[in-house]
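Make a model of the complete structure from these sequences and hints.
Chains S and Y are the protein sequences, given in the same order.
If you're matching positions, the first sequence starts at 1 in our numbering and goes up one per residue.
If you're matching positions, the second sequence starts at 229 in our numbering and goes up one per residue.
Derived from the structure by calculation, the hints contain no laboratory data.
Do not take every clue at face value.
Claimed, not checked - Simulated restraints, written as ranges between beta carbons of each label pair:
#1 Y:364 with S:17: 50 to 58 Å
#2 S:212 with Y:280: 19 to 27 Å
#3 S:113 with Y:438: 24 to 32 Å
#4 S:23 with Y:280: 27 to 35 Å
#5 Y:277 with S:198: 19 to 27 Å
#6 Y:364 with S:123: 49 to 57 Å
#7 Y:240 with S:117: 52 to 60 Å
Note that the Cβ used here is the ideal one computed from N, Cα and C, for glycine as well.
Letter by letter, the chains look like this.
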Amino acid sequence: MDQAVFLFEILLPALMQGLVVTLQLIACSAPFGLALGIAVAVGRQYGNPVVSWLCKTFVFLIKGTPLLLLLFILYFGLPSIGITFTAFVASVVGFILCNGAYNAEYIRGALISIKDGQMVAAQALGMTRWQAIRSVILPQALCRAIPGLSNEFIYLIKYSSLAYMITVIELSGAGKLVATKYFTYTESFAAVGIVYLVLVSITTVAVNILEKRVAVPGTTRATAAAQL
Amino acid sequence: MDVLPVLIEWLPYLLSGVASTLGLVLVALVLGLLLGLPMALGQVYGSRPVRWVIGIYVWFFRGLPILVLLFLFWFGIFPGLGLGNLSAFVVGAVVLGLRGAAYQSQIFRGAIQSVGEGQMIAARSLGMSRLTAIRSVILPQAMRIALPGWSNEYPNILTDSAVCYAIGVVELLTITSRMVTQTNITMPVYLATAGIFIILNYGGLKVLHRLEARIAIPGFGTGAM
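Shown next as structure tokens:
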């Protein structure tokens, strides 16, 4: 078969279809992963002992388990106790849990780095504890957590490929199908790899711009580190 | 069906999976160290082309999902190089190691750069060659600074090693899947494997943290800096 025909009429269209699914997986997981991360971090740091313990245990368990095993549990395991997800939903749930647990660690680190005095000051101004967390502590902490959170986002892009192992035909799955059908392993996986590299590189640039945009003058990372 | 007797019956098989998983991790960590450290030195002290080549390597291996790397090397690159008869275990361990080298090089690079430049100048002014200075002045400090970050490579590689399931390495997750198919016991088996991974994960970390405490020089730690 003509190389150009294979590339433009078979491989690329298949990869573009897969890319759409990959982007859907990421778009469905990332916002909830962030929300879960914030909830778990705040719960761990400011919740009562029971909530705090639950949040800690959640992070402990998820970080200790390979994501692929988590996906197997969600997709192959849960049906045996009567809970059935489609492969796509199972993947998204797995990514949210995993992304949330790692995000929580970064956000918690950032929460700890905000000095206690701010909470005292906010409460002295008449804010309740939750108001202080929501309007004083969290906005600053999230800014500081951006480098870690964006790292996790990039991991999410890469780990979304594991959805293929539970039958979601996303980018790498699409590449695998073409590779197997036309016996073009190196070309197909190289093409898949290039798409991931482009995705990751674009995200890296975007994240750097975001980091500069949201930086509050005088509270950049450099000065924050210098103050410690 | 009674779960416990079946689990006990399969235990030796599961343990062989644990051995295989730990084998993957060990080979990958050592390979990553052997490649990652020279790469870090190359990135800090190398000439421009050397730094450029290492930069591309790191960008490539850090930008690709482990699944795609495994597929690319297992189905494409190694057979293309005439190494098609390598076992899945070897390919899995080598790919994990090559990728680990990219991550480890960045850990070591950061550590080397955090040792003040003045130390190199001082060592040179004492008549040491660049290589001697790196070996006897910079690296002993840098390696200790790098160790906490390096320890985190262990859980990363451990959890990623499960993806080797995709190319047919007979490791813990593969054996778990077989067990699920053959015994028809699903959740208890998956949860048992999750438990094993969690034990391996935090047990290994504990050993590494003990090692960190052991080789730390009093008054010279990441805490004191």
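Quick rundown of the hints versus the structure:
1. About 57 Å separates the C-beta atoms of residue 364 of chain Y and residue 17 of chain S, a value consistent with the hinted range of 50 to 58 Å.
2. Hint check: residue 212 of chain S to residue 280 of chain Y, Cβ distance near 26 Å, so the stated range 19 to 27 Å holds.
3. For the hinted restraint 24 to 32 Å between residue 113 of chain S and residue 438 of chain Y, the CB-CB distance of approximately 27 Å keeps it satisfied.
4. A hinted range of 27 to 35 Å holds for the C-beta pair residue 23 of chain S and residue 280 of chain Y, which are about 31 Å apart.
5. Range check, residue 277 of chain Y to residue 198 of chain S: about 25 Å between beta-carbon atoms, so the 19 to 27 Å window is met.
6. One distance hint, 49 to 57 Å for the beta-carbon pair residue 364 of chain Y and residue 123 of chain S, holds here, with the actual separation near 54 Å.
7. Range check, residue 240 of chain Y to residue 117 of chain S: Cβ separation about 58 Å, and the 52 to 60 Å hint holds.
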